[in-house]
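K.L.:
Just so you know, the protein sequences line up as chains A and B, in that order. In terms of the working numbering, the first sequence is numbered consecutively and its last residue is 102. In terms of the working numbering, the second sequence is numbered consecutively and its last residue is 202.
Don't read these hints as lab results, they were simulated from the structure. Idealized CB from N, CA, C, for every residue including glycine. All clues given are correct.
Some, not all, of what chain B presents toward chain A, calculated at C-beta under 7 Å:
1. A15
2. A22
3. V106
4. L109
5. P121
6. P153
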Amino acid sequence: MIPISGYLIVSAALFATGAAALISRRNAVAALMGVELMLNAANLNFIAAWRYFWPRQLDAQVAVLLVITIAAAGAAVGLAIILNLYRRFGTVDLEKIRLMRG
Amino acid sequence: MNAQTIHYALFALLAVVTLVGAFRVATARSIMHAAFWLFPVFAGMAGFYLFLGAQFLAAIQVLIYIGAILVLIVFAVTLTRNSMDPEGAQHNRFALPVALAAAALVLALAGAVTKNPWGQPAPGLDGIGLLPGVEVTDVAALGVVLLRQYLIPFEVASVLLLAAMIGAIVMARKERSAPEQIECVEDAGMPIEIKEDEVVKV
Numbered sequence: 001m002i003p004i005s006g007y008l009i010v011s012a013a014l015f016a017t018g019a020a021a022l023i024s025r026r027n028a029v030a031a032l033m034g035v036e037l038m039l040n041a042a043n044l045n046f047i048a049a050w051r052y053f054w055p056r057q058l059d060a061q062v063a064v065l066l067v068i069t070i071a072a073a074g075a076a077v078g079l080a081i082i083l084n085l086y087r088r089f090g091t092v093d094l095e096k097i098r099l100m101r102g
Numbered sequence: 001m002n003a004q005t006i007h008y009a010l011f012a013l014l015a016v017v018t019l020v021g022a023f024r025v026a027t028a029r030s031i032m033h034a035a036f037w038l039f040p041v042f043a044g045m046a047g048f049y050l051f052l053g054a055q056f057l058a059a060i061q062v063l064i065y066i067g068a069i070l071v072l073i074v075f076a077v078t079l080t081r082n083s084m085d086p087e088g089a090q091h092n093r094f095a096l097p098v099a100l101a102a103a104a105l106v107l108a109l110a111g112a113v114t115k116n117p118w119g120q121p122a123p124g125l126d127g128i129g130l131l132p133g134v135e136v137t138d139v140a141a142l143g144v145v146l147l148r149q150y151l152i153p154f155e156v157a158s159v160l161l162l163a164a165m166i167g168a169i170v171m172a173r174k175e176r177s178a179p180e181q182i183e184c185v186e187d188a189g190m191p192i193e194i195k196e197d198e199v200v201k202v
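Excised from the complex, chain B in its bound form (with noise of 0.2 Å):
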């Protein structure tokens, strides 16, 4: 077995486990399983993107999909719990034109793709070796580009991210409306100067 051989067959198992685990996304009956197949596919685009030299995104997809969305997305699925019917539907009556479409589209775009000329790849870049044809890149010239070329887009990123958080903080809190409050004070029987006093109060 050579390099090459090594290579192609570590490439089709990345392939296999990314597809069945999204598949299995799409399918699983139990959302807490969809939930949980997610991560064969964030870590196999992790293992993609080490085959391609980008290892500081590899670890980037590794932290942030697998490290937070994942979480994130496991606790919302915790959090509601028991609202749908494991045993009914889990797929809405679109689901199999939907399937099939999907299907044409792969087979559409598998064809454009492999008859496009795509030329030979453009030569590989200057670094250590990692896996037989595959090389890495150098982190600080990211961080050079990102800070230089892409500053606003940097900082607008991080603005949205702070907007993000503050945003889902505030739709997630439990929220205490104002006419529930009122509907307390009148099932307690207070008399409608309290209403009045707190008005004045804000």
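Isolated chain A (complex conformation) (with noise of 0.2 Å):
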């Protein structure tokens, strides 16, 4: 069997990936993808926990399937938000976008 620390790291090179990316893409879809990333790095994080530490406990199954629905909901508002975005000041880049900067 795999040791745990393969999959903890790469849960966190896929974390990083996603920070990274949420951080520093300018288009404001690519940056939703990094929330993505994370969201998922995180849940590859409990599966692994669970299966390594506590397998006849399935409450970090559950926790994935809400991480989940809370990442689709986060999506679909996310990219409405864009879409908004995108007719009021016609781009989704981000270093354009300055209304709520000084």
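Bring the two chains, given one by one in their own frames, into a single complex with the hints.
P.N.:
Given below as structure tokens:
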């Protein structure tokens, strides 16, 4: 059986990539993709810990189901906001949308 | 090649597919390519869930992430087309420091994870062997836990989904704001009484 650190390292790399995409991408849709990557990394951690330490309690699977639900809701609302931004500013470039900056 | 070797090789393949996909999502120049590179990430995650014996979550991952979220993102990409210069910079000025910080984070976490004594994994579940060293969980047990112990979070999540759905519809709808209507009336040279009539009607 693969040691748990294998899964945790993959998850860490996925999370770091998602965070980097969220912070540095200029396209708002790409930033949202970064959020999805980070949520996936968290889910992988949950399931790896469940399998290795508490395989008879299903709490981690429930948590992952709820995270997937919230990710879907977040994606729907986030993309609706991005569509609104696109209509309002004609762009989804986060560098050019300066409404809430000084 | 024994079962252990196959297991490790499959894990390495999944890890490479997932992480290359994630890297391309973060770096691809074309936003449409980035959206399609999400597919190997989500599919690889479903593979990891299968490896860990959470086969129901693997199915859910394929249904929700690949079937719903990925399609939604591709829709958003097509709806916001031509809004960014594909030849211009796709990353802001923090790109290099962020990349370095991400690499440092991965190294630090990998070091911590490999150094930590995790101990022996808990004894496996009783079930059918899916792959060597992989067993499956009982979906019925998950349903019971979800509807007994976690009933309230489950219902709250349903309400959240409903609220998100309504919110997304309201926000993404083409809005006809009041000032524009008044401008239209003035442009058409209509008398002011019509506006007042509308106000009365409302």
